[in-house]
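A.B. asks: Letter by letter, the chains look like this.
There are 2 protein chains.
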Amino acid sequence: MTNRIEHPIRIGIVGYGNLGKGVETGLTLHPDMELIGVFTRRNPEDVPSKSPVYRMTDLEQMKDRIDVLVLCGGSATDIPEQAPELQKDFTTVNAYDNHAEIPAHFDIINEVALQNNNVGVIATGWDPGLFSLNRLVAEAVLPKGDTYTFWGSGVSQGHSDAIRRIEGVKLGTQYTIPNETLIEDIKEGKEVAYTKTSSHKRVCYVVAETDADQAAIVESIKTMKDYFVGYETEVHFIDEDEYEKNHTGMPHGGRVIRRGYTDEETMAVYEFGLELGSNPQFTAAVSIAYARAAHRLYQEGNYGAKTVFDIAPAYLSPKTGAELRKELL
Amino acid sequence: MTNRIEHPIRIGIVGYGNLGKGVETGLTLHPDMELIGVFTRRNPEDVPSKSPVYRMTDLEQMKDRIDVLVLCGGSATDIPEQAPELQKDFTTVNAYDNHAEIPAHFDIINEVALQNNNVGVIATGWDPGLFSLNRLVAEAVLPKGDTYTFWGSGVSQGHSDAIRRIEGVKLGTQYTIPNETLIEDIKEGKEVAYTKTSSHKRVCYVVAETDADQAAIVESIKTMKDYFVGYETEVHFIDEDEYEKNHTGMPHGGRVIRRGYTDEETMAVYEFGLELGSNPQFTAAVSIAYARAAHRLYQEGNYGAKTVFDIAPAYLSPKTGAELRKELL
Ligand SMILES: NC(=O)c1ccc[n+]([C@@H]2O[C@H](COP(=O)([O-])OP(=O)(O)OC[C@H]3O[C@@H](n4cnc5c(N)ncnc54)[C@H](OP(=O)(O)O)[C@@H]3O)[C@@H](O)[C@H]2O)c1
Ligand SMILES: NC(=O)c1ccc[n+]([C@@H]2O[C@H](COP(=O)([O-])OP(=O)(O)OC[C@H]3O[C@@H](n4cnc5c(N)ncnc54)[C@H](OP(=O)(O)O)[C@@H]3O)[C@@H](O)[C@H]2O)c1
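Line by line, the protein sequences give chains A and B.
Counting from 1, position 72 in the first sequence corresponds to residue 72 in our numbering; the numbering is continuous, with no gaps.
Counting from 1, position 45 in the second sequence corresponds to residue 45 in our numbering; the numbering is continuous, with no gaps.
No lab work stands behind these hints: they were computed from the structure.
There may be inaccurate statements among the hints.
All copies of an identical chain are treated as equivalent in the list; a pair is satisfied when it fits inside any one copy or across any two copies.
Derived DSSO-like pairs: lysine-lysine, alpha-carbon spacing no greater than 30 angstroms straight-line [as the list claims (entries may be wrong)]:
#1 K245 <-> K50
#2 K21 <-> K144
#3 K187 <-> K201
#4 K196 <-> K170
#5 K21 <-> K187
#6 K21 <-> K88
#7 K225 <-> K170
#8 K326 <-> K88
#9 K190 <-> K319
#10 K63 <-> K50
#11 K144 <-> K245
#12 K50 <-> K144
#13 K196 <-> K144
#14 K88 <-> K201
Just need the whole structure built from these sequences, with the hints factored in.
C.D. replies: Shown next, in the form of structure tokens:
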């Protein structure tokens, strides 16, 4: 592998939501990469970007000017539709996060990528992504043990959307908060009952409509199946000013902890954690590093679908092997 | 890459100190690996292992019965002498931790490995090793930022040896303790003055000889250049019972923290941490996972020296790619 890039890696961004914006911003931090343009399903004039914005239909004729497309559509419907189609002509990276569907998505992208001699790196980001990588390393090194994933403190987009759909709710944000007592108990070697609902609590900040029934809103939130039932849930009513000031960001993060044993009784705690001021910007940051890797795999003719599991760490860095050994080993 | 191993990977352990014992113990946790024997420079009868123990000179005739040698000698002199020699006939893994000499060691092993069509994975363990891996990933994902490494709380073998050489010291253990205030400041985005000496303090537990001059011992410790000068250093005198009860273990650990920015002002904190009941056992655990990777690289004909930077995470796990995607992504 030659680590040194001769000319900047030319990137196209597909979809300009939070993640797309994050990739645009993030690329400015990587001198070995260059943004060719943003591609959108909307009218380019309606997309508030300072970069060149093109229609999706322009992509085909720009094929030779782009090394890697970073797919920034939503995981619910955009990625399943767009990724297999774009994979025909491009090396791609996505942050697809529908965990249950990842194996099938891998197979689809793998087939198209192998047929067309390109590379598709799927499910980058932090979870899936860096969290997955750490779950793997932790388990491989400490086969005897248990892995725990905690999310937060951070904003859950899905849960925030859900509370905003309740009658009488004008604005709302939901924070997922990990159970710190449980985390301490794990690290201290205590026996723990880790369940989906015991491991996190849910804290909601709601701006109610003027005449709304606040008790009814609380009731609607706490009884919402799949989202809140079973969780310790707090609801705080605040005014619009406070909401705009304190609850419009997208912070997130979390921890992967493996408590393992290196012999019958000797404990080893492996922990990976992130505290992110901006979830989409960090997800973008990871996707950008994997875009660099995708381009190198492509240059080596190592085609097909890949995940964070399949990519040697050195491919993520612009530094040469010798530089990495000298500076970081 | 086929992830599934047909027959157990056959391991030889070279050198039976703390690390060698750790590999012997650790291998019992890996059903896809098998210990062929321990190889020592001492008289095999003097080596307190329940596994088959052989002389180093027996290695050559056992070549075909061993897939990977895990080299467990000391970094100061054993590895530089033994590794290039053994690399001629074997795929090897080591935990060489002389950071300044790693680039040269890589080049030596690389040359021998390429000449003899085998694989040499160097500098595994936790630092170098998993810490290095995280320094690389953190920097590649967050190019704008700073990386900080903290060690401890844990026993430093080198510093403990140094205090034990002081006149009047019967027994002694030195703990390296990270500066938690500095760590908090880093995570909170404050400006910090991180230097080698401000980032850790050193706490010594000493059993003095009966008539020893304790003040002189303290003085000798605190004025020891390279080891203690400049550090906040505490010396506690204890009796032999307490020493045997509380200070003969080899716990260690530490953290790699990168404080990065995903745009002009938005912070992202990336943290990797280990809390190890046994430093050598965990170092062994990492070496074992990389021994699995080394064997697979060998099977693929991907010869030469490798570091943790060059090895895709999937190679560390006994699971297939499909299993990993389904269970851990
Ligand atoms: N792996 C991880 O760790 C991780 C972490 C966070 C998020 N993610 C994934 O990243 C995906 C994208 O997240 P996101 O926050 O960027 O989603 P988003 O803001 O909803 O954007 C998704 C798409 O919607 C369209 N869009 C955006 N703003 C629009 C507007 N004002 N009007 C009409 N259409 C608009 C854009 O496509 P067009 O430009 O084509 O219209 C955009 O690509 C999520 O679905 C999630 O699955 C993964
Ligand atoms: N990368 C990392 O994160 C990391 C972490 C910790 C340690 N390490 C490295 O691991 C290396 C090995 O550490 P270690 O704690 O295993 O060192 P150790 O206990 O001093 O053993 C080193 C060698 O000394 C010989 N030996 C051991 N006990 C002996 C005894 N009672 N009498 C005579 N010889 C004896 C053994 O070789 P024979 O059997 O051939 O005599 C053994 O291989 C260290 O030098 C360090 O560099 C790396």
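A.B. asks: I want to check one pair: K245 and K50. Are their C-alpha atoms no more than 30 angstroms apart within a copy, between two copies, both, or neither?
C.D. replies: Intra 26 angstroms, inter 66 angstroms, cutoff 30 angstroms: intra-copy only.
A.B. asks: Between copies, within a copy, both or neither: which fits K196 and K144 at Cα up to 30 angstroms?
C.D. replies: Classified as within: same-chain Cα gap 22 angstroms, cross-chain 35 angstroms, threshold 30 angstroms.
A.B. asks: Within, between, both or neither: how does the pair K21, K187 come out at a Cα-Cα threshold of 30 angstroms?
C.D. replies: For K21 and K187, the Cα distance is within 30 angstroms only across copies (25 angstroms; inside one copy 38 angstroms).
A.B. asks: For the identical chains here, do K21 and K144 meet the 30 angstroms Cα criterion within one copy, between copies, both, or neither?
C.D. replies: Cα proximity of K21 and K144: across copies only (18 angstroms, versus 42 angstroms in one copy).
A.B. asks: Quick one: K50 to K144, C-alpha cut-off 30 angstroms, is that within a copy, between copies, both, or neither?
C.D. replies: Cα proximity of K50 and K144: across copies only (22 angstroms, versus 51 angstroms in one copy).
A.B. asks: At 30 angstroms max between alpha carbons, let me know whether K144 reaches K245 within a copy, between copies, both or neither.
C.D. replies: So K144 and K245 pass the 30 angstroms test across copies only (27 angstroms; inside, 46 angstroms).
A.B. asks: Within a copy, between copies, both or neither: which one fits K326 and K88 at a CA-CA cutoff of 30 angstroms?
C.D. replies: So K326 and K88 pass the 30 angstroms test across copies only (25 angstroms; inside, 39 angstroms).
A.B. asks: From the Cα coordinates, with 30 angstroms as the cut-off, is the pair K187 and K201 best called within, between, both, or neither?
C.D. replies: both (19 angstroms within a copy, 23 angstroms between copies)
A.B. asks: When no copy is named, should K190 and K319 be tagged within, between, both, or neither for a Cα gap of at most 30 angstroms?
C.D. replies: between (43 angstroms within a copy, 28 angstroms between copies)
A.B. asks: Under a CA distance limit of 30 angstroms, which applies to K88 and K201: within one copy, between copies, both, or neither?
C.D. replies: Neither, since 43 angstroms and 57 angstroms both go past 30 angstroms.
A.B. asks: I want to check one pair: K196 and K170. Are their C-alpha atoms no more than 30 angstroms apart within a copy, between two copies, both, or neither?
C.D. replies: within (29 angstroms within a copy, 52 angstroms between copies)
A.B. asks: My question is about K21 and K88: at a cut-off of 30 angstroms on alpha-carbon distance, are they close within one copy, between copies, both, or neither?
C.D. replies: This pair counts as within: shortest intra-copy Cα distance 25 angstroms, inter-copy 52 angstroms.
Checked against the numbered hints given earlier, the structure breaks only hint 14 and satisfies all the rest.
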